[in-house]
Amino acid sequence: MVLLQRPHILLLLIDTHQFLQCWIAFGSANEEGQQQEEFSEELLVKPLPDHKLLAHFHFQSSAPPSTSNGCHHHLFPKAISQLVQKFRVKEMELSFTQGRWNYESWGGFDPISSSNAKPPGVELWAVFDVPQHHIDASWKNLTHTLSGLFCASINFLESTATYSTPEWSFPPASGNVRYGTLPCEAVCTENLTPWLKLLPCRDKAAIALLLDRPSLYRGFYHSQRLHLTSTESSSEGIDSGIILEQTLTVVLQPNSERAIEVHASEKHVQPSWSLSSIFGKQVSGRCVLAKSSSVYLLLDRGLVAELKFPNKENGKSAANGLTSENFWSNPSFELSVNPDRIFLEESSSHSKSLSILYMFQVEKYSESEPFDIGLMWKVPVAWLCQQTPLHASRFFMGSGNERGAIAISLKSTQFTEGFMSANSKDGSCELRVDVFQVVPWYVKVYFHSLRVFVDQQPRAVSDFIEKIHVSPSKDKMSPGVMEVVLKLPCRVNTAALTIEFDKGFLRIDEYPPDANQGFDIPSAIISFPNFHASMVFLEDDSLNRSPLLSKFQEKCPVMSYTEVLLVPLTTPDFSMPYNVITIKCTVFALYFGSLLNVLQRRVAEEERFLKAKAAKKTGRLPLLLSKLSAKLRGSGINQD
Amino acid sequence: MEKVKKKIGSFSFWNWVTASIIFRLILIYFPKNLNLSSRPEVSTPLTSFRRLAEGYWLKQSFMSPYAGSMYHGSPLLLSLLGPLTINRIEGQPNHLLYSLVSVIADVVSAMLIRATGQNLRLAYLRSLESLDLVKQIEVSEFLFSGDIAALIYLCNPFTIVACVGLSTSPIENMAVILCLYGACSRLIPLAAFGWVIATHLSLYSAILIIPVIFLLGCGPDSPPRKLFLQRHQQKEVLNQSKLPPRFSWGPVIHFAFWAFLWSVYVLVLCGISLKQFGGLWEMFKSTYGFILTVEDLSPNIGVLWYFFAEVFEFFRNFFLIVFHVNILFMILPLAIRLRHRPCYLAFVYVAICSMLKSYPSVGDSALYLGLLGWFVNELADMQFSLFLFCGYVGVSLLSPVMHNLWIWRGTGNANFYFATAMVYACLQIVLVVEGVSAMLNHDRKLRNLITGKPQDAKS
Numbered sequence: 029m030v031l032l033q034r035p036h037i038l039l040l041l042i043d044t045h046q047f048l049q050c051w052i053a054f055g056s057a058n059e060e061g062q063q064q065e066e067f068s069e070e071l072l073v074k075p076l077p078d079h080k081l082l083a084h085f086h087f088q089s090s091a092p093p094s095t096s097n098g099c100h101h102h103l104f105p106k107a108i109s110q111l112v113q114k115f116r117v118k119e120m121e122l123s124f125t126q127g128r129w130n131y132e133s134w135g136g137f138d139p140i141s142s143s144n145a146k147p148p149g150v151e152l153w154a155v156f157d158v159p160q161h162h163i164d165a166s167w168k169n170l171t172h173t174l175s176g177l178f179c180a181s182i183n184f185l186e187s188t189a190t191y192s193t194p195e196w197s198f199p200p201a202s203g204n205v206r207y208g209t210l211p212c213e214a215v216c217t218e219n220l221t222p223w224l225k226l227l228p229c230r231d232k233a234a235i236a237l238l239l240d241r242p243s244l245y246r247g248f249y250h251s252q253r254l255h256l257t258s259t260e261s262s263s264e265g266i267d268s269g270i271i272l273e274q275t276l277t278v279v280l281q282p283n284s285e286r287a288i289e290v291h292a293s294e295k296h297v298q299p300s301w302s303l304s305s306i307f308g309k310q311v312s313g314r315c316v317l318a319k320s321s322s323v324y325l326l327l328d329r330g331l332v333a334e335l336k337f338p339n340k341e342n343g344k345s346a347a348n349g350l351t352s353e354n355f356w357s358n359p360s361f362e363l364s365v366n367p368d369r370i371f372l373e374e375s376s377s378h379s380k381s382l383s384i385l386y387m388f389q390v391e392k393y394s395e396s397e398p399f400d401i402g403l404m405w406k407v408p409v410a411w412l413c414q415q416t417p418l419h420a421s422r423f424f425m426g427s428g429n430e431r432g433a434i435a436i437s438l439k440s441t442q443f444t445e446g447f448m449s450a451n452s453k454d455g456s457c458e459l460r461v462d463v464f465q466v467v468p469w470y471v472k473v474y475f476h477s478l479r480v481f482v483d484q485q486p487r488a489v490s491d492f493i494e495k496i497h498v499s500p501s502k503d504k505m506s507p508g509v510m511e512v513v514l515k516l517p518c519r520v521n522t523a524a525l526t527i528e529f530d531k532g533f534l535r536i537d538e539y540p541p542d543a544n545q546g547f548d549i550p551s552a553i554i555s556f557p558n559f560h561a562s563m564v565f566l567e568d569d570s571l572n573r574s575p576l577l578s579k580f581q582e583k584c585p586v587m588s589y590t591e592v593l594l595v596p597l598t599t600p601d602f603s604m605p606y607n608v609i610t611i612k613c614t615v616f617a618l619y620f621g622s623l624l625n626v627l628q629r630r631v632a633e634e635e636r637f638l639k640a641k642a643a644k645k646t647g648r649l650p651l652l653l654s655k656l657s658a659k660l661r662g663s664g665i666n667q668d
Numbered sequence: 009m010e011k012v013k014k015k016i017g018s019f020s021f022w023n024w025v026t027a028s029i030i031f032r033l034i035l036i037y038f039p040k041n042l043n044l045s046s047r048p049e050v051s052t053p054l055t056s057f058r059r060l061a062e063g064y065w066l067k068q069s070f071m072s073p074y075a076g077s078m079y080h081g082s083p084l085l086l087s088l089l090g091p092l093t094i095n096r097i098e099g100q101p102n103h104l105l106y107s108l109v110s111v112i113a114d115v116v117s118a119m120l121i122r123a124t125g126q127n128l129r130l131a132y133l134r135s136l137e138s139l140d141l142v143k144q145i146e147v148s149e150f151l152f153s154g155d156i157a158a159l160i161y162l163c164n165p166f167t168i169v170a171c172v173g174l175s176t177s178p179i180e181n182m183a184v185i186l187c188l189y190g191a192c193s194r195l196i197p198l199a200a201f202g203w204v205i206a207t208h209l210s211l212y213s214a215i216l217i218i219p220v221i222f223l224l225g226c227g228p229d230s231p232p233r234k235l236f237l238q239r240h241q242q243k244e245v246l247n248q249s250k251l252p253p254r255f256s257w258g259p260v261i262h263f264a265f266w267a268f269l270w271s272v273y274v275l276v277l278c279g280i281s282l283k284q285f286g287g288l289w290e291m292f293k294s295t296y297g298f299i300l301t302v303e304d305l306s307p308n309i310g311v312l313w314y315f316f317a318e319v320f321e322f323f324r325n326f327f328l329i330v331f332h333v334n335i336l337f338m339i340l341p342l343a344i345r346l347r348h349r350p351c352y353l354a355f356v357y358v359a360i361c362s363m364l365k366s367y368p369s370v371g372d373s374a375l376y377l378g379l380l381g382w383f384v385n386e387l388a389d390m391q392f393s394l395f396l397f398c399g400y401v402g403v404s405l406l407s408p409v410m411h412n413l414w415i416w417r418g419t420g421n422a423n424f425y426f427a428t429a430m431v432y433a434c435l436q437i438v439l440v441v442e443g444v445s446a447m448l449n450h451d452r453k454l455r456n457l458i459t460g461k462p463q464d465a466k467s
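Just so you know, the protein sequences line up as chains A and B, in that order.
Residue numbers are given in our numbering: position 456 of the first sequence equals residue 484, and the series is strictly consecutive.
Residue numbers are given in our numbering: position 71 of the second sequence equals residue 79, and the series is strictly consecutive.
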């Protein structure tokens with residue numbers, strides 16, 4: 029009995045020892061103060077020119093390096109930290125999107141659109157901190173883990189035919205990137221629920237309370253994103269541990285039923301809205317675990333220019349003083365709640381006017397006094413969002429199911445015109461465009477057929493393509509990847525890239541159940557590395573900066589995604605396998621049998637058979653004699 | 009009399025040759041070559057011009073030409089023909105130089121076919137003379153099989169389409185014909201060169217080594233040796249000089265030596281051109297491996313694509329083996345029965361290969377139909393020749409229609425096109441079987457003439 033108990037006691041001792049260690053580590057982390065796990069939640073609301081409203085939820089959790097607090101987290105989701113530790117993920121982004129970001133009317137030149145406008149379906153990329161030959165294995169494991177974590181078919185990305193290795197055109201440029209998309213993945217609430225489970229307060233308090241499923245999925249665009257950065261290997265000076273950034277971007281139509289009524293009469297008046305009218309809920313109380321929870325209202329540059337704030341010239345004093353009434357009691361609109369702070373953008377290089385950000389702190393409100401911000405428009409306003417330098421779209425050319433061509437067309441927008449006029453002094457103004465295109469293997473692209481059209485004139489490829497990297501597709505093995513750097517003159521009106529392809533033919537079991545629906549070609553990524561979308565707001569306390577605003581300040585290159593293309597492929601007859609096998613084998617038997625028959629037929633035998641027939645009438649003896657003589661003669665010849 | 013006939017014959021022969029060349033040139037000047045280069049009948053994954061251009065582009069941009077699954081041809085073709093895919097002359101059709109190379113290859117093939125045919129005809133006449141059958145078989149009515157074969161090859165729509173459609177099959181066919189020509193005229197290095205290049209370009213030509221060995225060992229086609237012995241036994245004198253020579257190993261060993269030399273040479277050249285791109289193993293994997301595993305399932309005039317698109321995955325390897333062994337199975341029986349007629353054996357092998365190969369095109373059919381012309385005298389009694397002719401015409405008209413219905417209009421379905429492919433395969437089977445049977449019957453007829461059997465009235 030004593031002997032049996034002893035190991036238990038030992039184990040208990042070890043356990044307590046470990047627990048103590050953890051506890052000590054945790055305590056020390058607490059003492060340091062800055063090394064704590066943090067969580068903050070923010071919501072940004074922005075009116076869009078086409079009577080719609082953009083709501084951008086931003087939740088950020090961060091965990092200190094795992095060495096400092098041992099084995100457990102009290103805020104950071106454990107699933108994510110385990111995932112990071114196990115697969116040694118350096119950086120990862122996963123997005124689930126439904127709908128298409130409308131670059132023309134919702135803009136493409138601001139931090140929200142260039143990092144949150146995502147291609148339809150699932151997009152996943154990850155950078156690993158493992159040796160080169162282990163990356164593919166890590167990627168496979170990661171896709172399976174994420175697939176289980178988010179109830180999505182991300183595990184389809186494990187086969188080498190679906191993911192690719194961008195060399196340099198994809199923003200986190202390094203050789204350890206893997207990139208994969210599932211354009212046809214349907215996104216719905218079963219993907220949102222596990223995503224919300226990663227938040228410490230789930231959707232039970234504060235801003236996350238607004239995430240009402242029916243109103244979210246009624247929107248025009250819906251993209252939920254998960255971005256994580258880890259700096260486990262503290263090669264750089266700053267060791268920030270893991271930062272998990274969860275964003276949800278929705279484009280909604282405020283009180284759509286009323287908009288239809290007023291459609292005829294007041295066409296240009298923007299619909300008035302409040303949080304309760306668009307989400308059907310109000311923000312009541314705060315999530316006690318959150319470090320900060322705030323709501324922002326962003327009026328972008330174009331809108332601010334239209335509104336003509338009376339004292340725009342003394343904006344700096346307003347930002348400092350925070351008392352200027354002019355900013356919320358404007359003749360053209362009215363805010364239902366007074367903002368706590370107002371930020372003005374620092375002067376930007378690309379635009380004359382500056383955007384304004386109103387900040388509301390949710391902490392002040394309670395259950396009894398819920399927070400609900402509303403915006404009431406008084407006069408019609410029309411403005412344009414700042415667009416990408418070139419508007420990219422992609423389409424198919426050709427008909428039939430044998431071959432075709434993919435065209436990526438770039439059209440200049442009002443931005444380029446401004447940019448051109450600004451830079452017209454020096455004649456050699458060039459616009460750099462990076463194109464990253466992945467095509468599945470069954471679209472067999474002929475890279476030698478790449479053509480460039482500039483201003484609708486066919487031009488020599490080498491004149492405009494500065495750099496090209498191609499990895500051709502291998503049947504059932506890897507997709508085709510094309511990375512092109514285009515150098516276009518700033519004066520360009522239109523530019524187009526065309527590339528021809530043959531449609532492949534698959535085996536019957538490689539077709540999906542809805543084979544005649546067609547196959548999706550993932551979006552191409554068009555990025556403009558010379559342009560950076562960033563919004564720097566004047567702030568007095570740079571220490572206590574909100575994660576969302578610091579995110580805005582990061583210089584991220586402007587990029588846009590093209591449409592997903594649907595390519596119909598020819599189908600064989602799915603009901604035919606047995607017929608084909610039997611018919612084909614019959615023909616082979618016919619060939620084999622008849623040729624062998626011809627080859628082994630001996631006319632001498634037939635002659636003998638004929639003779640035997642004749643001999644039946646004459647009698648047996650002559651037949652035997654003739655047989656004998658024939659045999660003798662035959663052997664005689666053979667001897668010679 | 010014969011001289012005059014020959015003169016007239018050769019005069020009209022050259023007329024026809026020029027006419028066919030001019031016809032090709034006219035077709036080349038049509039815009040986009042009438043889109044023939046993307047027809048599934050003309051360009052298979054192995055012979056397609058666009059894939060050649062893609063391979064050349066990849067090589068020019070310092071990548072392996074076999075990097076994607078686009079190019080599956082030889083690296084030598086890439087070095088020789090590749091530059092022609094991008095060279096353009098202002099104001100001329102895009103691929104004029106490449107088309108001219110195809111036309112020249114066709115004309116050279118036709119000339120070689122003609123020379124070989126004349127060779128065969130002389131050998132046949134000589135053997136008839138030594139059998140004393142010149143009077144019984146009206147030799148003066150013999151057609152000039154060489155001219156006929158060359159004209160069939162040149163004027164065959166299949167050849168013209170393959171030539172204008174910029175496929176590489178004219179060059180593959182030329183290598184095969186070069187091999188047979190060299191073996192017939194006992195130019196052993198040339199025969200070995202042709203065989204090595206033909207095997208290098210398309211794997212299936214490897215089995216032509218058997219007819220070539222017979223050709224070198226015993227000379228061109230003649231009636232069976234037994235007949236000569238029988239004849240001389242009847243005459244009670246054994247004139248050794250009039251007998252066909254026995255099998256001699258000397259030229260065969262010579263051939264083996266040259267074949268070895270050429271193949272080492274070709275492999276070294278390939279190795280040099282692929283040195284930085286994975287070497288020879290990569291080449292074998294994506295040329296011969298691609299042929300043997302039938303990876304590309306795009307429709308062609310063969311029957312394997314639909315079969316492997318439909319068959320269950322776990323039977324795939326089994327059927328791959330079955331279909332390829334089917335070609336090998338027939339080699340031995342045919343070699344035994346037709347060993348005295350090596351050229352005819354070569355024709356049968358070429359026909360069987362073009363019927364059973366994984367990516368057949370009309371260029372392959374053009375080759376064996378051209379070779380068939382050599383044997384017009386021997387195969388005069390062939391059955392079903394009208395049926396076969398009508399069948400070929402019908403299939404070549406219906407097959408594009410069915411393809412159009414299925415692929416372009418979407419009103420038909422894959423079975424329609426597959427049905428024409430099946431009919432085409434059946435036609436080729438009938439041609440081969442009837443051809444072999446007619447040739448064996450011809451030998452029987454000769455024997456009966458010698459032994460004076462009464463059956464000659466029947467046959």
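Keep in mind that the hints were calculated from the coordinates and are not lab data.
Just to be clear, a hint being listed does not mean it is correct.
Unchecked claim - Simulated pairs of lysine-lysine, PhoX-like, Cα-Cα distance not exceeding 25 Å:
#  : chain 1 : residue 1 : chain 2 : residue 2
1  : A       : Lys-502   : B       : Lys-283
2  : B       : Lys-143   : A       : Lys-655
3  : A       : Lys-504   : B       : Lys-293
4  : B       : Lys-453   : A       : Lys-641
5  : B       : Lys-234   : A       : Lys-639
6  : B       : Lys-453   : A       : Lys-659
7  : B       : Lys-453   : A       : Lys-639
8  : B       : Lys-283   : A       : Lys-659
9  : A       : Lys-655   : B       : Lys-283
10 : B       : Lys-293   : A       : Lys-502
(request) Could you tell me which of the numbered hints above are not met by this structure, giving the numbers in increasing order? (result) As far as the earlier hints go, 2, 8, 9 are violated by this structure, in ascending order.
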